[in-house]
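Quick note, the sequences are listed as chains A and B, same order. Using the working numbering, the letters of the first sequence correspond one by one to residues 350 to 715. Using the working numbering, the letters of the second sequence correspond one by one to residues 2 to 358.
Don't read these hints as lab results, they were simulated from the structure. There may be inaccurate statements among the hints.
Unchecked claim - Chain B side only, calculated, beta carbon under 10 Å to chain A, not exhaustive: (1) D323; (2) Q354; (3) I356; (4) I358.
As the list claims (entries may be wrong) - Subject to a maximum C-alpha distance of 30 Å in a straight line, what follows is the list of computed DSS-like cross-link-like pairs (lysine-lysine): (5) K279/B to K648/A; (6) K247/B to K193/B; (7) K129/B to K159/B; (8) K159/B to K29/B; (9) K584/A to K540/A; (10) K372/A to K428/A; (11) K648/A to K284/B; (12) K540/A to K702/A; (13) K284/B to K626/A; (14) K243/B to K626/A; (15) K29/B to K129/B; (16) K428/A to K441/A.
Unchecked claim - Per label pair, the in silico range of CB-to-CB distance: (17) K188/B to M664/A: 54 to 62 Å; (18) L357/B to E663/A: 25 to 33 Å; (19) L610/A to L357/B: 29 to 37 Å.
Please read all numbers here as calculations on a predicted model, not as lab measurements. Every residue, glycine too, gets a C-beta built ideally from N, C-alpha and C.
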Amino acid sequence: MKLSFTREQILTPLQKVTGAVEKRQTMPILANILLEQNEGFLQITGTDLEIELVARTDIAIRDSLRVTIPARKLFDICKNLQDGSEINVTVKEDRVTLISGRSRFVLASLPANDFPSLEEISADITFTVKQNVLKNLIERTAFAMAQQDVRYYLNGMLLEIRGDTLRAIATDGHRLAMTDSDSVPGLVDGKQVIVPRKGVLELQRLLEDSEEEAKVSFGSNHICVEFSGLRYTSKLIDGRFPDYERVMPASAGTAVTTDRLGLRQSLTRTSILSNEKYRGVRLVLSDNMLKIQTQNPDKEEAEEEVEVEYDGEEMEVAFNVNYLLDALNAIDSDKVQIIVTDANSSCLIRDQKVEQSKYVIMPMRL
Amino acid sequence: MLRKIIHIDMDAFFASVEQRDNPQLREKAVIVGGRPDSRGVVAACSYEARRFGVHSAMPCATAYRICPHAVFVMPRFEVYREVSRQIHELFSEFSDLVEPLSLDEAFLDVTNSSRWLGSATLMAKEIKTRIRMATNLTASAGVSYNKFLAKIASDMDKPDGLYIITPEQGEEFVEKLPVGRFFGVGKVTEAKMHKLGLRTGADIKGWTEDQLVEYFGKAGHFFHRIVRGIDDRPVSNQRQRKSISKETTFATDLTDYDKMMEVLLQLAEQVSGSLQKKQLCAKTLTIKVKYADFSQVTRSLVLPRAEQEIHRIEQQISRLLDRTDAGFRPVRLLGIGVSQLDAQEGGETPDPQQILI
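Excised from the complex, chain A in its bound form (with noise of 0.2 Å):
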C-alpha cells in the first residue's frame, strides 16, 4: 500500500487530532493514530477514549487503508520536514515506511482493528451555529470550570439550550461564569449537557474564529461538533449540575461602575503584595471611590485608589484577585458593572450594556 502528500496537506489535519492523544496513556494503541480511506479521501482519528476528533484530509487515495501510527512521532518528523516536502508512505505488515527526499522513517504500527472507536451517537437535537459562537461561548466561561473536584459534575460546563439561545456555565464552587449566545436559529428548548474540561478545553482549541458554520448534536452520552473537515467527539458527564440560578444574586446590591482595563491594571499591581497562596484583595468603597488594599504575611501592603460610579453605603469586600481578574479578562467592553451587596455576599460582574455574560464570585474573609 502506497500512499502520498506534501507536508503541508498533513501537518494541519495532524495537529488537530493529535490533541486528543494524552501524552502518557493507558493503553499502547491510544499513543496512535489511525489512519484510513473514506470516500476517496485520507482520514486521521485520534482517541483518549473520552475524545475522539476524526479529520478528513484533501489527499486522495485509491485503495483501502487502515493502518496505525505512533501520533506524536509522525506528528514531529512531518513538521520538521522541509517546507513543500514531499512524504511518500508504504505499509508493510507491521512498519510503517516514510520516505521524503533523502529521509527515510521507518515506525511501528499496532493492528487497526484494536484502535477504540467511540460508539456511534444517537443524536437527540442537532443544531447548527457559527464557529466563532460556539468558541466565545466557551472562551468567555471555560476559566471557571473546576478542577478534579470530588464534585466530578463541576469538572466541566454546561452547555444548555434556553429558548433560542445557547448557554455556557461553569463554577468550581468558588466563583461561577456564565455566558449566553445570541440568537441561534432552530434551537429547540430545554436540552442541557455537561461536557468535561479537556473536552472543553480541546473544542475551544480546535474551533476557529470564523463565520464558518459547526453543525453541533447533542446525544444522551456524547457531545458531537463537526466544523473545517473535523469531527469532535466527547463523552459527556453524567450528573446533576447544581442549581445555579439560585447562585445569581438577588436584585438587590449597589453597583460599582468603572473602567475595566483601569481596574485591572490597578488589581495587577496590589495583588504583587497580596498574600501569595490565598490571593485576597481587600475593596473598600465609599462615594465614588474605590480602595484597593492588600497586604502579605511579611507585612507589606499595597493601596490604590480607583474612580468609581457608587452611590451606596460604605462598605468592605474581600475577594481572591484572580477571580476578580479572570471575570474582568473574559468581558471586553471598556466599562465594567460590580453589583456588591455586604462582605458575606458574593458580587456579579458584568459588562455594562450587555448582559451577555455574567460572573459570580465569593467573597473571602480575611
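Once you've looked at the hints, dock chain B against the given chain A.
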C-alpha cells in the same frame, strides 16, 4: 537512669462509688449507664456484673439480656469528679510528675521521690491505703520502670491489686504478653497481627524494625522498642489534649439527612465551646456515623485553616456526611470531633478563607 513509675487505676470506679453510697447495691451486679430499655451504653459495671460478661461500652440492652438481674444506675458525674479530685490531690503528695489519664487513672513518676527510701512498691502500697482511708474505695497499682509496663502491671492483680514488674523481668514479661494487650493495638490491629502470625511479644520481637514499620507505619517503631521492654514516653503533667469530640445516640434511628445535619451542627456547637474554653483551634474534622446495624464509619478531612467555630463550617460537615450512607441507611449514632489542635493564635491574623457558593 531507670525510672520508677506507678500506675494507679480505681477498681470499677463508677460502680464502686455507687455501691459505697448505697449499701443495698453491695455484692450485686451494678451497671452504671443508661436504662436497660434505652440505647445508651454501659459506662461502668461492678465485678459482680463483669462475671456475666458485661463490660463498659456495651449497649445497655445487651447488658440487660446477659445479666437481667443487674441493677441499672444513672451515673452521678458530680460525685465521681469529687472523688477524682481527692485522689489526684493525694497523688500530688508523692510526685510533681503526675499524668492524669481519666477521672480514675493516673501515672506517677516517683523516680525522684525520697519517701520510703525511694521504694516505689512501698509508695504504691501507701497510695492504695490512703485512697481507701480517704474514699472508702479500692484501687489497683502497677509499678515498673516505664509507662507501658506500669499500666500492664496495674491490670494484673485487679481488684485491690499491687503488681511489680522489675527491670529484670520486663523483657521476658513483654515476650509472653498477647499482642492485644499492647498499647495502641485495638481490635483491627490485633486481627492484622494474628493474620501475620504475631500472637505474643516474642513473635513481634522476631521481626525487624523495618518490617514492623512497613506493616504498621509509625507504630512499628514503638512496637519494636516496646517488645524489648523499652518505652521512653515521659510522664507528663502537661498532657496536651489531642482531640475533642461529642457524640449522641438517638432514641430512634434517624433516616432524614437534614435532621442529621441539624444534630451534627448542635454537636459541633458543643465542640466549638470546648475549643473556645481551652483557646484551641483545630485543623482536622472528623465525623462518626454508626448505622442501625452497629457498623460504624468515620470520615475526616483537613480544614483549609485551623478553626475554632466548628459549627460555622457547615459545608465541610456536610461534605463529610455526604461521604457516608447517611440518608440511605438508618443511623443510630452521630459524632463529630476535631484533632490536630493548636493554640489559638493570639493577635496573629488567621488565614484568609474563601467563602463557598
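The hints, checked one at a time:
1. Checking D323/B against chain A by beta carbon gives a least distance of about 9 Å; that is within 10 Å, so the hint holds.
2. Taken as an interface hint, Q354/B checks out: its beta carbon lies about 5 Å from the nearest beta carbon of chain A, inside 10 Å.
3. Taking 10 Å as the C-beta contact cut-off toward chain A, the hint placing I356/B at the interface holds, the least distance being around 5 Å.
4. Given hint, I358/B at the interface with chain A, holds; its Cβ is 5 Å from that chain's nearest Cβ, closer than 10 Å.
5. Only pairs whose Cα atoms come within 30 Å are accepted, and K279/B paired with K648/A is accepted, the gap being roughly 29 Å.
6. This hinted pair checks out: K247/B and K193/B have alpha carbons roughly 29 Å apart, not beyond 30 Å.
7. Of the pairs offered as hints, the one joining K129/B and K159/B holds, with about 12 Å between alpha carbons and a cut-off of 30 Å not exceeded.
8. Only pairs whose Cα atoms come within 30 Å are accepted, and K159/B paired with K29/B is accepted, the gap being roughly 18 Å.
9. Of the pairs offered as hints, the one joining K584/A and K540/A holds, with about 16 Å between alpha carbons and a cut-off of 30 Å not exceeded.
10. Proposed proximity of K372/A and K428/A is supported: the alpha carbons are some 18 Å apart, at most 30 Å.
11. As the CA atoms of K648/A and K284/B are separated by approximately 24 Å, the hinted pair is consistent with the 30 Å bound.
12. A hinted pair counts as satisfied when its Cα atoms are at most 30 Å apart, and K540/A with K702/A qualifies at roughly 28 Å.
13. This hinted pair checks out: K284/B and K626/A have alpha carbons roughly 18 Å apart, not beyond 30 Å.
14. Between the alpha carbons of K243/B and K626/A the distance comes to roughly 28 Å, so the proposed pair stays at or under 30 Å and holds.
15. The hinted pair formed by K29/B and K129/B meets the criterion: a straight-line CA distance of about 24 Å does not exceed 30 Å.
16. Distance restraint check for K428/A and K441/A: the Cα-Cα separation of roughly 24 Å lies within the 30 Å cut-off, and the hinted pair is therefore satisfied.
17. Distance hint for K188/B and M664/A: a CB-CB separation of about 56 Å, consistent with the stated range 54 to 62 Å.
18. Take L357/B and E663/A: their Cβ atoms lie about 26 Å apart, and the range 25 to 33 Å holds.
19. Our hint of 29 to 37 Å for L610/A and L357/B holds, since their Cβ atoms are close to 30 Å apart.
In the structure shown, no violation is registered for any of the earlier numbered hints.
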